[in-house]
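K.L.:
Sequence:
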Amino acid sequence: MQSLLLNGKVFYYDEIAVYSFRNSIPLNGYESKTLELCRDWLNGVQEFAIQTSGSTGAPKVITLTRQQLEASAKATIKALQVQKNDRALVCLNAETVGGLMLLVRGFLGEMQLTIIEPTANPLAVLSPESSFEYASFVPMQMQEMLVFSPDSIAFFNRIKAILVGGAPVSYNLQQQISQLAVPVYHTYGMTETASHVALKRLNGPEASPYFKTLPGVEISTDNRNCLIIKGAQTNFETVTTNDRVNIIDPETFEWLGRADFVINSGGVKIQAEKVETVLETALAQLGITANSFITSVPDEKLGEKVVAVLELNFLDQVREAQLKEKLQNLLSRYEIPKTFLYLPEFKKTASGKLDRNQTLKLALAFSKNARY
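Numbering (the numbering used here), first residue to last: 2 to 373.
Hints may be right or wrong, so weigh each one.
[What the hints assert, rightly or not] Dumping the calculated DSS-like pairs for lysine-lysine here, alpha-carbon to alpha-carbon at most 30 angstroms: (1) K327 - K349; (2) K231 - K75; (3) K339 - K275.
[To be verified] Distance ranges between label pairs, derived from CB positions: (4) V11 - K325: 51 to 59 angstroms; (5) L43 - L331: 49 to 57 angstroms; (6) A366 - L331: 23 to 31 angstroms; (7) R40 - E301: 51 to 59 angstroms; (8) E301 - I154: 44 to 52 angstroms; (9) I229 - N29: 35 to 43 angstroms; (10) V148 - E274: 19 to 27 angstroms; (11) E326 - P129: 39 to 47 angstroms; (12) R40 - T64: 14 to 22 angstroms.
Please keep in mind that the hints were generated in silico from the structure rather than gathered at the bench. These figures come from a predicted structure and were not determined experimentally. Ideal Cβ placement from N, Cα and C applies to all residues, glycine included.
Using the sequences provided together with the hints, build the complete structure.
P.N.:
This is how it looks when you write it as structure tokens:
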């Protein structure tokens with residue numbers, strides 16, 4: 002009988018379809034919601050309402066059809082060469098498109114699903130001998146496991162393929178991933194495209210700076226050079242993104258950054274993600290371990306002023322001066338952060354993504370000594 006494992010409890014598909022176990026097995030809130038999604042899928046529900054992450058704006062609810070979810074799942078199953086009875090780890094929130102699509106791929110690919118409640122370090126709950134053919138993580142989870150779980154490298158290298166998505170991969174994490182033997186792919190997609198529509202290999206001889214689209218996905222750009230996507234995953238309707246890209250060929254593109262992360266400082270347009278990459282590199286070269294991002298605050302003279310936000314209590318004056326000097330050698334004078342803000346712990350969305358707006362708000366309050 003087909004079954005899945007949820008937080009260590011076995012549930013058979015025929016039980017899930019009729020919810021016959023509800024009174025005999027105690028369930029927490031996450032388990033109930035996950036099983037209800039599984040029940041809806043097994044009973045042929047045709048539409049699924051999914052809330053976006055809210056990492057860059059107000060969360061909203063997107064309705065996706067069963068056909069869109071199936072098209073997305075089949076494209077990934079084909080790209081990764083999933084086989085019947087392959088084991089898959091599901092440790093993303095099932096109420097987001099990333100987690101839901103893991104379930105759908107499991108059902109369509111007849112995979113063995115092991116589902117655990119989302120946590121920063123999945124290895125803290127899994128047994129050390131756990132083994133899977135496929136797993137998907139957000140970058141924060143990969144980083145936490147590599148830093149805090151001694152067995153993480155052996156665990157990763159037992160997997161056939163790993164997907165990492167939902168947020169950019171930092172310089173430090175990229176360096177750690179490059180040491181892994183397992184193929185690791187960075188995903189590109191969003192709720193509106195029923196999860197990812199393109200993959201980028203992060204390590205090994207096939208590592209590339211470019212995303213490769215999944216079969217059947219058409220790409221183009223608008224007058225802002227922002228990506229336009231069309232395919233079965235979008236119900237063959239065009240989805241215009243806010244992601245600036247450079248299209249290499251009909252199946253390949255380079256991601257440059259979000260159009261809404263362009264900072265206009267004194268009339269000079271600055272791509273925040275480019276400065277973020279340089280900042281991460283500079284921090285690593287100085288031996289400073291901290292998550293960071295680039296944003297802006299209003300400025301009377303410049304209109305917008307570039308600021309760096311670091312996940313630290315503070316850097317002392319000497320270390321901050323060293324960081325500024327390093328950035329001056331790597332960036333133009335317009336790109337160099339005018340202010341450094343600090344916050345001991347960044348705010349995350351329910352799906353584990355950085356909540357930039359809320360983090361900036363808290364960092365402004367925390368960094369009382371910063372001048373604006």
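K.L.:
Determine for every hint whether it applies to the structure shown.
P.N.:
A quick look at each hint next to the structure:
Among the hinted pairs, K327 with K349 is consistent with the structure: their alpha-carbon atoms are about 29 angstroms apart, no more than 30 angstroms. In summary, the hint linking K231 to K75 is supported, as the alpha carbons are separated by about 16 angstroms, within the 30 angstroms threshold. This hinted pair checks out: K339 and K275 have alpha carbons roughly 16 angstroms apart, not beyond 30 angstroms. Restraint check, V11 to K325: a C-beta distance of roughly 56 angstroms satisfies the suggested window 51 to 59 angstroms.
Checked against the given bound of 49 to 57 angstroms, the beta carbons of L43 and L331, roughly 53 angstroms apart, stay inside it. For A366 and L331, the hinted distance range of 23 to 31 angstroms is satisfied, since their beta carbons lie about 30 angstroms from each other. Restraint check, R40 to E301: a C-beta distance of roughly 57 angstroms satisfies the suggested window 51 to 59 angstroms. In this structure the hint that E301 and I154 lie 44 to 52 angstroms apart at CB holds, the actual value being about 50 angstroms.
Roughly 41 angstroms separates the CB atoms of I229 and N29, a value that falls within the hinted 35 to 43 angstroms. Against the hinted window of 19 to 27 angstroms, the Cβ-Cβ separation of V148 and E274 comes to about 23 angstroms, which satisfies the hint. The hinted window of 39 to 47 angstroms between E326 and P129 holds, with their beta carbons roughly 44 angstroms apart. Between R40 and T64, the C-beta spacing of about 18 angstroms keeps the proposed range 14 to 22 angstroms intact.
In summary, the structure agrees with every hint in the numbered list given earlier.
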